[in-house]
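Trainee: Below, each chain spelled out in residue letters.
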Amino acid sequence: MQGYLSLWDEYGGQMLSAFWGNLQLTFWAAIGSLVLGTILALMRISPVPSFRAFGTSYVNIFRNTPLTIIMTFGVLVLFGVFKVQFSSDFNLNFFQIAIVGLTIYHSAFVCEAIRSGVNTVPLGQAEAARAIGLSFMPAARLVILPQAFRGAIAPLGNVLIALIKNTTVAVAGSVAEISGLMKTMLEFRADVGILIFLTIAVFFVIVVIPVGLLTTYLSKKLAVAR
Amino acid sequence: MKVSESVLFDAPGPKARRRVVIVNIIGVLIALALVYYLYKVMNDAGQLTAEKWAVFGKGSIWENYLIPGLLNTLRAAAVAIVTSMVFGFIFGIGRLSTNKVINWISSVVVEFFRAVPVLLMMIFLWIILARSGIVAPSDAPFVAVVVGLTLYNGSVVAELIRSGVFGLPKGQREAGIAIGLTRGQSLRNIEIPQALIAMLPALIGQFVVILKDSALGYIINFNELLFNGKLIGTGNANVLQALVVVAAIFILINFGLSKLATVVAGRLSSRGISAGKPLDPAVPVVVADLNTTVPGGNPKG
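Keeping their order, the protein sequence lines are chains X and Y.
Each residue of the first sequence is one higher than the one before, counting from 1 in the working numbering.
Each residue of the second sequence is one higher than the one before, counting from 227 in the working numbering.
None of these hints come from the bench; they were simulated from the model.
Remember, it's a predicted structure, so these values are computed and weren't measured experimentally.
Backbone N, C-alpha and C define an ideal beta-carbon position, used for all residues, glycine too.
Do not rely on the hints blindly, as some may be mistaken.
Calculated cross-link-like contacts (lysine-lysine; reagent style DSSO-like; alpha-carbon spacing at most 30 angstroms) [unchecked claim]: (1) K220/X - K326/Y; (2) K266/Y - K83/X; (3) K485/Y - K83/X; (4) K326/Y - K221/X; (5) K396/Y - K221/X; (6) K456/Y - K83/X; (7) K456/Y - K183/X; (8) K396/Y - K220/X; (9) K326/Y - K396/Y; (10) K183/X - K83/X.
Just a few of them, taken from the derived set where beta-carbon distance is under 8 angstroms, the chain Y residues facing chain X [what the hints assert, rightly or not]: (11) I349; (12) Y444; (13) N447.
Partial pick of chain Y residues on the chain X-facing surface, computed with a CB cut under 7 angstroms [stated by the list, open to error]: (14) F235; (15) I353; (16) K438; (17) A463; (18) V465; (19) L469.
Same shape as in the complex, but just chain X (with noise of 0.2 angstroms):
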């Protein structure tokens, strides 16, 4: 117990900010993702046949590419190599190259998750919308985009939580957040080791069950009764 206490005066503030960085980061890929996958999920479902092929292989070849080598791409390619500088403050770039390399591998996986919502209205909607007189952008506005949305939130929620964990990966993209602590911290505090990672694990276990329940409450509110 005394050790325990001694932890949270030596590294608490630490581990409070750097769990904020992996909030943060969380925030902006979240945003980055859910701009770029909607756009790729648009032109999955296009009917032109370029788009169509390009929304598929950005999917397949991210989708399939583990998000440890996109972020050591990030840092060692991005900025080793081009000599890519969104800041001129080092560790604000490693940052912000970090949201690029999350928001490249989440929209795969946010178009996916949209697509899938699409994939909900059954084609007898559409049907019956045009049988009504409405034109493409009506029919989309008032009836399938509504649906497909409320289809999509199960899905999208997931993502964000596989957002919020691999948040982590960024480690390796030099980042300062909270699992690169949490090895320096096991390094000096061996004997409470055990300790330091339920904390920090709960860190997480707080952030991610809510958001957990509220799309599962939501998805279940919001789902269309068929």
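Assemble chain Y onto chain X, guided by the hints.
Mentor: Leaving out everything else, chain Y in the frame of chain X:
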């Protein structure tokens, strides 16, 4: 894919077809411009010179780095697949148990390990195992990778088994009980075998996740494919090329596995078995509520 196309877009008429062709040409031009831009950037940085790529034609690079790395990756993934199946079985059955205590313990274990990042578990296990001397320090990264992957993916498998059983028609269990089996016997002999077959595509999809996540071992100095690839890159001043080759190997294997999952799913649905596709195979599933979708045949009467 067919479905989503036709939901949003009616079959195009002559005018729309012409428009599609025009937009398509614009799309191809944009793609070509992108490819050219990439080529120019890489060429200007001297990344396309033959010497940077030629090392991968040498047998020694494959013999000393890529093949041993790939073997280590596959070894870790293979062991983790087996152990997560075992873990998943134990806790999946635990979550289906009618015993309150077993059920509660299994639920806590499964929810906890699904909510904690795999990398945290790996780093923790790696340092603790190496320090305590439970395993030889040289084996610590391998063991940490396998155990970390097992705890997370085993929990996902447990959820798959649970949702698979929930997705079965109620009549299966009722029939089992009617012929005098206990609840547990009917679970083991009737429900889980069917659930497993129905969840096979999702299980294969989870193997993709295991293989991909084994690359996290790079961070804890496990000499798997990415780790060795980086060694090549720093040794020959061709990090970009090395990472591209490593990524291509991962993509090929994972793409093959994903295709296998699709083929299996197609086979199963042609046999009339459907898991209702409750999960996207490759999305790492966490607190997804798997039993809301009531997949497959709803009991009707």
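Trainee: Determine which of the earlier numbered hints do not hold for this structure and return their numbers in increasing order.
Mentor: Hint check: 3, 13, 17 fail, others pass.
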